[in-house]
Amino acid sequence: DVKVTQSSRYLVKRTGEKVFLECVQDMDHENMFWYRQDPGLGLRLIYFSYDVKMKEKGDIPEGYSVSREKKERFSLILESASTNQTSMYLCASSTRGLAGELFFGEGSRLTVL
Amino acid sequence: GEDVEQSLFLSVREGDSSVINCTYTDSSSTYLYWYKQEPGAGLQLLTYIFSNMDMKQDQRLTVLLNKKDKHLSLRIADTQTGDSAIYFCADEPTSGTYKYIFGTGTRLKVLA
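Chains A and B, in that order, give the protein sequences.
Here the working numbering is used: the first residue of the first sequence is 656, the next is one more, and so on.
Here the working numbering is used: the first residue of the second sequence is 868, the next is one more, and so on.
It is possible that some hints are incorrect.
[To be verified] Taking lysine-lysine pairs in the DSBU-like style, the calculated list, with each CA pair at most 35 Å apart, reads: (1) A/K708 x B/K903; (2) B/K903 x A/K658; (3) B/K976 x B/K966.
Think of the hints as simulated: they come from the structure by calculation, not from any bench.
Modelling step: build the complete structure from the supplied sequences, incorporating the hints.
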């Protein structure tokens, strides 16, 4: 069974803390994504990666960075968390192809106090 | 820029049909997608339609695409309580970029 695993389901952090969100996929997918989900706004793309060490900004990259040192792992980093980064974060992966199905993790709910 | 719009809520009675609507602004999409998100879970692909098709049927699901009006709909026949979820339509405005645009999501509530 294909799987995208996000290491933390729930996190509570303080303003200014550095936050790491980890995502691992076991499908040997080339592409990995980080989305942010907020009520009434749907999913917004933060960053995606199409290969190891390659990354591309999405629609809302400000305040975030990413790291992809290994094919199966894609990390989202909040250098200095702020309250407006309180949200649900979803990781996804896909393989290259014409109809690119995204496989999602269960999400990491981050609260910044 | 590209935009995908959906109504936020839909409530139906068990056994009725549900129709979830989506409008999009881009006209060069190759595929349009429907994803389902159950409570506490990530999104899961429900179905997709190739842009040169008008309709796709898959068991209880029917997808209709009106390219002229840039309108996509998902019909669920014989809606069950297990269909209660958030449904997202998604578009990949420029094929091969993997920059999918998701709608706001429609929360479907099925009443017993």
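Going down the list of hints, with the structure as the test:
no.: 1; hint: A/K708 x B/K903; verdict: 31 Å, holds
no.: 2; hint: B/K903 x A/K658; verdict: 17 Å, holds
no.: 3; hint: B/K976 x B/K966; verdict: 29 Å, holds
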